[in-house]
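In order, the protein sequence lines correspond to chains R and C.
When you read off a place in the first sequence, starting at 1, and then add 1, the result is the number in my numbering.
When you read off a place in the second sequence, starting at 1, and then add 161, the result is the number in my numbering.
The set of hints was computed from the structure by calculation and includes no laboratory data.
Be careful, since some hints might not be right.
Unchecked claim - Here are the computed distance ranges between Cβ atoms for each label pair:
hint	chain 1	residue 1	chain 2	residue 2	range
1	R	GLU727	C	GLU323	39 to 49 Å
2	C	GLU323	R	VAL211	18 to 28 Å
3	C	GLY220	R	PRO180	52 to 62 Å
4	R	LYS110	C	LYS167	33 to 43 Å
Here a beta-carbon is modelled for each residue, glycine too, at the ideal position from N, C-alpha and C.
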Amino acid sequence: MKTNGRNNGGVKSNEGEAKSNGGAEPGGRAARKGVDFKADDFRVVGKPFRKVDARSKCVGATKFADDISLPRMLYCKILRSHVPHALIKSVDTSKAEALPGVLACITGKDLPVPYGILPVSQDEHPLCLDKVRFIGDPVAAVAAIDEDVAFEAMNLIEVEYEPLATVASIEEAVEVSEPRIHDYGDGGNIHKNVHLEFGDMDEGFREADVVREDIFFYEGNTHLPMEQHAAVAHYDADEKLTLWSSTQTPHYVHRALAKTLRMPAAHIRVIATPNGGGFGGKSDPFNHEVVVSELSRRTRRPVKVTLTREEVFYCHRGRHPVLMKSRIGVKRDGSITALDFQSFLDGGAYGSYGVASTFYTGALQTVTYEVPRYRFRGLRAFTNKAPCGPKRGHGTPQPRFALEVQLDKVAEELGLDPAELRLKHLVKPNTVTANYLRVGSIGLRECIEKVVEGSDWKNKYRKLPEGRGFGLACSSYICGAGLPIYWNSMPHSGVQLRLDRQGGVCVQCGSTDIGQGSDSVLAYVVAEVLGIDPFDIRVVTADTDLTPVDLGSYSSRVTLMTGNAAIQAAERARELLSSAVAEKLNVPSENLSFAERRVFDVENPEVGVTFAEAVVLAESKYGTIGTVGSYVPPRSPGRFKGAGVGPSPAYSYSAAVAEVDVDIETGIVSVPRVWVAHDIGRSINPMLVMGQVEGSIYMGLGEALMEEMVYRENRNVVHKFPSLLEYKSPTTLEMCDVITYLVEDADPNGPFGAKEVGQGPLLPVMPAIANAVYDAVGVRVDEVPITPEKVLAALRAKRQGKDPRFGPRAVPEVEWPEPLKVLTPAEGGDGKEMPRVAVHS
Amino acid sequence: MTQRQKAHIEFTLNGEPAEVAFAPHKTLLEVLREDLNLTGTKHGCELGECGTCAVLVDGRSVLSCLMLGLEAEGRRVETVEGMATDAGLHPLQETFADTGAAQCGYCTPGFLLVAKELLAQNASPTREEIKEALSGNLCRCTGYIKIYEAVELAAARMRGEEAELPRESVYGYE
Chain R
2 MKTNGRNNGG VKSNEGEAKS NGGAEPGGRA ARKGVDFKAD DFRVVGKPFR
52 KVDARSKCVG ATKFADDISL PRMLYCKILR SHVPHALIKS VDTSKAEALP
102 GVLACITGKD LPVPYGILPV SQDEHPLCLD KVRFIGDPVA AVAAIDEDVA
152 FEAMNLIEVE YEPLATVASI EEAVEVSEPR IHDYGDGGNI HKNVHLEFGD
202 MDEGFREADV VREDIFFYEG NTHLPMEQHA AVAHYDADEK LTLWSSTQTP
252 HYVHRALAKT LRMPAAHIRV IATPNGGGFG GKSDPFNHEV VVSELSRRTR
302 RPVKVTLTRE EVFYCHRGRH PVLMKSRIGV KRDGSITALD FQSFLDGGAY
352 GSYGVASTFY TGALQTVTYE VPRYRFRGLR AFTNKAPCGP KRGHGTPQPR
402 FALEVQLDKV AEELGLDPAE LRLKHLVKPN TVTANYLRVG SIGLRECIEK
452 VVEGSDWKNK YRKLPEGRGF GLACSSYICG AGLPIYWNSM PHSGVQLRLD
502 RQGGVCVQCG STDIGQGSDS VLAYVVAEVL GIDPFDIRVV TADTDLTPVD
552 LGSYSSRVTL MTGNAAIQAA ERARELLSSA VAEKLNVPSE NLSFAERRVF
602 DVENPEVGVT FAEAVVLAES KYGTIGTVGS YVPPRSPGRF KGAGVGPSPA
652 YSYSAAVAEV DVDIETGIVS VPRVWVAHDI GRSINPMLVM GQVEGSIYMG
702 LGEALMEEMV YRENRNVVHK FPSLLEYKSP TTLEMCDVIT YLVEDADPNG
752 PFGAKEVGQG PLLPVMPAIA NAVYDAVGVR VDEVPITPEK VLAALRAKRQ
802 GKDPRFGPRA VPEVEWPEPL KVLTPAEGGD GKEMPRVAVH S
Chain C
162 MTQRQKAHIE FTLNGEPAEV AFAPHKTLLE VLREDLNLTG TKHGCELGEC
212 GTCAVLVDGR SVLSCLMLGL EAEGRRVETV EGMATDAGLH PLQETFADTG
262 AAQCGYCTPG FLLVAKELLA QNASPTREEI KEALSGNLCR CTGYIKIYEA
312 VELAAARMRG EEAELPRESV YGYE
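So that you can see chain R by itself, here it is in the shape it has in the complex (with noise of 0.2 Å):
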């Protein structure tokens, strides 16, 4: 069947069947119960819609945070540090303040209260209080009639700061304990130190017939989102404050402003505007965002602020920088026995999601293939640079590049094919894995098949010419978070729906759509289980007047929990409209079915109403007809402290084989192609699921060969290139072809059985490109990106004899702290802490 893009906005087009079988009863229920429906059954979930606010976007007609413009609007700019790290020793904003035309200037010390994303990492200040931590920290603000005056206010305040020595990178941020970056921390420069073991290593290591321990370098890179951060406040006449912002977590935001504003939260609106790409940058409250608020609420005039893209580098919260070393016990055949795994993450100025990100850097290694012994060992440095937090990915891209390239090197040193290695040893379904995390589905053996089939994998690898080669990759990432951010036993997500007599549905969600396509997932949810079209749907989100909480754009989360929030709330809405149509028309309401705008009798189709009709007979009997459903994942099996990062209620799978050229010459690496098999679990609209997977593996090339947040060396920890020009990212002509294949392996925690791809399918790209280097020049790069001159480097090494690798050596000397021991399910263990031994006196 060919899509038909034209027309597939309507109920006609989409196969137009008057089904009247049981095929039309949504899967909501019944998919939470574990059934497997045949996406043949559905009329809305598996077709290729186009998303629903599609076409706003291809006239112009959607607005974004810098296309709001409000009457007597002012105009806000952020002075920035432009030192690393210094006291504030004053800030005189006089000149500033007598600049006719500005109407506020504030600093640090209107705006006392600190804040952050992690309740465990309150270290941010709206403007600096008294010191600075990167160049790029915001230090004071104007607010003023226009732009240019703006700029002009923001250059006559005055600064005196007293310089303190910086710290650059994780090497220098573990030797070098003062002065501290912050007061807070595991000591010195050390923001987090974790130490989690699960099962007895030495045993592992004694099973093992190869033991090998490999080094490896991620780069920082960052999300360059084509929309820079904007943010417009309003603070108004009855004292309430409006924020419409570019922000993938309006929740959080929201709580934010009303610690730092000292405002009631019920007194604060955040409506976050459709985001211009979001990629994890835009999950943290921001500075700017309390910034104009506090000045809103100074002037009583709106005030709007827009980052320019140099600041947007500062803003980052990108990927770690993340030193690894990982040292792994296989046996002949390739199953693993233990894996030890250390990770230096270069955390950046402030804590942002840091400590959760450290614990991503050790969770996920355990979901894909078996691993029965594991221990973690993590460190977060505070350096004087940008900070970093969630890009795609989440602390997983830089742990899977390292695994994914010591299994190619393990295949080789067993004389295995790195695929049939996988395949072997693959985490069974309805698992739970050494370090507590539980899997239900897992569909990655056919997306191994998959790509190794497509690719021709058996016929490529180790037998192409010199310079070009194939390498393959696996990976796996979560679909949400299986707990909050803050500490509550709320709902994760919460729908509400409301249903007009007109037949008009109006579904109310806190989600925010960042391009994902999470309001249109709204309605084709709900069109599924009300058997109407859903664009006929109003969708409501990310407004914290209308809409209930859902926690955010982040952890690959909002189609898993929105998903099912929704499916809850109408099917609530649906047994209304069943009960008062089954009164009406004298039959059993198990017998009606919903579609086609239409509720009728399933053995008797002509006997039905029309859903709107259906609407006025349950308004008549039951008065406004308003449900609510919410969504609260499973609780994990982990019970030890840091059991929090990890858990979810499912776990997607990828599988990818890259093809490489590698020019001998400059060391360009080119990639040609790359197949890609996801585990979708089940695809809610397939042409978005497709959009997704592309968009990844396009990012994941841009880690692998170019993007790369880098600083001067020379103490100053300047920011190479802060612009769109310099930082290199894949552009049409170095987007490689895609030939991708859905696995759907429906999981019942999953809305119809869906499972995330906003992430996982960029997790294997790196490593597979890593691998097909080696295989094309027979050189190790074991670090992203794989710039042309680190190719050359391993080459020339390669040329005189030496290691034919590029990476680093060593990890630093660390004191870890003493591990915190749990037995492994198979151990018997029960997923607690197991208990110190006592000292006896």
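Could you slot chain C onto chain R? The hints should help.
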């Protein structure tokens, strides 16, 4: 505050006569967005690096962040808002929407206008020619693939062909 004199220009905007007064140092991007309230034209860098602000001037794609508003005097400027007509969406707008070529949609207006310029010059561009033409526009969401497909589909339909996306573009390979 310094006294400023506003510049005043007359030009053709989306097929209609337009005039506007603005501070003379403003770029065409700023004039369109701030003085004419046509916010469909976006910005990603305001330094000519990303293609997001592309508009057509006398039929040729121009980065509106690098062109002064003053330079538009007497010219024909087309923005994304001018692409749809009474007859409906431009075929490119339709295929971008229907194939998922617009994810976040922020880079979309720039891509649409550059693609329109391409199709005006070449009714049957190859995939390579499309890549070349769009190489100055960055998109972080799509990996460009759905964009190529949307351009190809629109080109085919503009040639009068009954075209649809191949099955594997929508559902993946078997």
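Quick rundown of the hints versus the structure:
1. GLU727(R) - GLU323(C): 39 to 49 Å: holds (45 Å)
2. GLU323(C) - VAL211(R): 18 to 28 Å: violated (59 Å)
3. GLY220(C) - PRO180(R): 52 to 62 Å: holds (60 Å)
4. LYS110(R) - LYS167(C): 33 to 43 Å: holds (39 Å)
In terms of the numbered hints stated before, the structure departs from hint 2 and from no other.
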